[in-house]
Amino acid sequence: MSPHRAVLTRLVAHQGWTRGAELGVDKGVLFNMLLMGCPQLHLIGVDTCPVPKRRAHCEAIVADFPDRATLYVMTTHEASGLVPDGSLDFVFIDADHSEPAVADDIACWRPKVRAGGWLGGHDYNTHFPGVVAAVNRTFGKRVKTLPGSIWGVSC
1 MSPHRAVLTR LVAHQGWTRG AELGVDKGVL FNMLLMGCPQ LHLIGVDTCP
51 VPKRRAHCEA IVADFPDRAT LYVMTTHEAS GLVPDGSLDF VFIDADHSEP
101 AVADDIACWR PKVRAGGWLG GHDYNTHFPG VVAAVNRTFG KRVKTLPGSI
151 WGVSC
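For reference, each letter of the sequence shown is one residue, going 1 to 155 in this note's numbering.
Simulated from the structure, these hints should not be mistaken for laboratory data.
Beta-carbon label-pair distances, calculated as ranges:
#1 56 / 107: 29 to 35 Å
#2 14 / 129: 27 to 33 Å
#3 7 / 51: 21 to 27 Å
#4 126 / 154: 23 to 29 Å
#5 115 / 143: 17 to 23 Å
#6 2 / 81: 25 to 31 Å
#7 116 / 29: 25 to 31 Å
#8 82 / 126: 29 to 35 Å
#9 141 / 36: 31 to 37 Å
Positions of the beta carbon are idealized from the N, C-alpha and C atoms, including for glycine.
Build the full structure now, drawing on both the sequences and the hints.
Here it is as structure tokens:
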């Protein structure tokens, strides 16, 4: 299992965050792990869910946590319009890894994070130059890294 999942779950639990979003749910592994490991967490998951089997798995996770989990099957850009500004403790970006897409996710979702919250994501490494470029261009030296190729900034 990728270490980023355990690192993020520990971070969310340690910080006591109760409202968050994961952009790029894919198979739902992290989505489920966060919900199981953080019992006070209300979590929004966003993915276009192009693979029916993966979508069904993510929908099953939402069914297991009906009062705490929401899945938006749409683009991250579209979903950002459904979330009020300042309403989340954290947003974790792990969707389209191209530079323009990451830059758009940062622009659209940064306002959703409350003052003092956290905006971060996955794959901040040389294998994903688009992620690194968009994050560095937006945040520069403010970027902090965590194990598992996680990047983050305080909002």
